[in-house]
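Asker: Using the sequences plus the hints, can you model the full thing?
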Amino acid sequence: MENKNIKLISLNTWAGRALYPLMHFFRKWKEDVDIFCLQEVQNIDQRIADERHPDEHICGPLFDKISSELKDFEGSFAFFDDDARRMSLAVFIRRGLPVKTVEDFIVYKPEQPKETGSRMLTSRKLQYITLDLNGRKLIVINYHGLWNGGPKIDTPERIEQSNKVSEFLNKFNSSKILCGDFNILPNTQSIKILEKGMRNLIKEYNISSTRTPLYRHYENSDEPNFADYILLTDDIHVKDFRILPDIVSDHSPLYLEFSF
1 MENKNIKLIS LNTWAGRALY PLMHFFRKWK EDVDIFCLQE VQNIDQRIAD
51 ERHPDEHICG PLFDKISSEL KDFEGSFAFF DDDARRMSLA VFIRRGLPVK
101 TVEDFIVYKP EQPKETGSRM LTSRKLQYIT LDLNGRKLIV INYHGLWNGG
151 PKIDTPERIE QSNKVSEFLN KFNSSKILCG DFNILPNTQS IKILEKGMRN
201 LIKEYNISST RTPLYRHYEN SDEPNFADYI LLTDDIHVKD FRILPDIVSD
251 HSPLYLEFSF
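Here UniProt numbering is used: the first residue of the sequence shown is 1, the next is one more, and so on.
Ranges between beta-carbon positions, derived for each pair:
#	residue 1	residue 2	range
1	Pro156	Glu31	42 to 50 Å
2	Lys100	Asp235	13 to 21 Å
3	Glu160	Asn187	14 to 22 Å
4	Asn206	Phe105	32 to 40 Å
5	Arg216	Asn134	44 to 52 Å
6	Lys239	Phe172	18 to 26 Å
7	Asp32	Arg136	20 to 28 Å
8	Arg242	Thr155	27 to 35 Å
9	Ser221	Arg47	39 to 47 Å
10	Asp50	Gly149	18 to 26 Å
11	Ser259	Ser209	25 to 33 Å
12	Ser221	Arg242	21 to 29 Å
13	Asn5	Arg216	31 to 39 Å
14	Gly149	Ser259	33 to 41 Å
None of these hints come from the bench; they were simulated from the model. The beta-carbon is built from N, C-alpha and C at its ideal position, and this holds for glycine as well.
Answerer: Following this line, the structure appears as structure tokens:
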């Protein structure tokens, strides 16, 4: 594959609660973007989604709907073995990119999981893509950190989770991108653990918010509007990084154009 810039979008889809603008967003960006890293995606029948999340208006077959729109992409959904109906991660990779593997594993598992209504305490996975670009390996990691319904501050569970992710990152002596909804604030020990050996573009570009007005705490000064990040190794050249203005979720889409 000849050298070219690669374009990536990371987005928490809000489980498709804003389905019409979300699908319009994919139609708008599908010709330009190479990789979509998505969090909070369902892959279940709508009836089951309505039973699990009454009055939440989530889209059960969201993965299938996105797949139907992104016909030039290969989609992969990170199923949980103990409950294939659980909300999880998905990546969509443009066909033609030299993908070697798409894999995932659990980075957190609560003793008493809960996924009903708007309160969720469930296992968390990390999903990663291995690309071979002209003999150089690139790892793109899609990550959705623990959410417990409270502030995005340090907790023992979040520290444990960050340590597991950091251990995984350190296994690879190659270029790496870690993106997603981390569910932690910029000044936490949890993010500092992940920043070791990585550039934090949210801090580097002085981003003031990664949330949209759909976020229930958007105008609450006691709730900082941070959750989403892109971290990467120094050998990756950032051509463009920005928070997109599209309101398709309670999270903002993160756009990255890069080469290495």
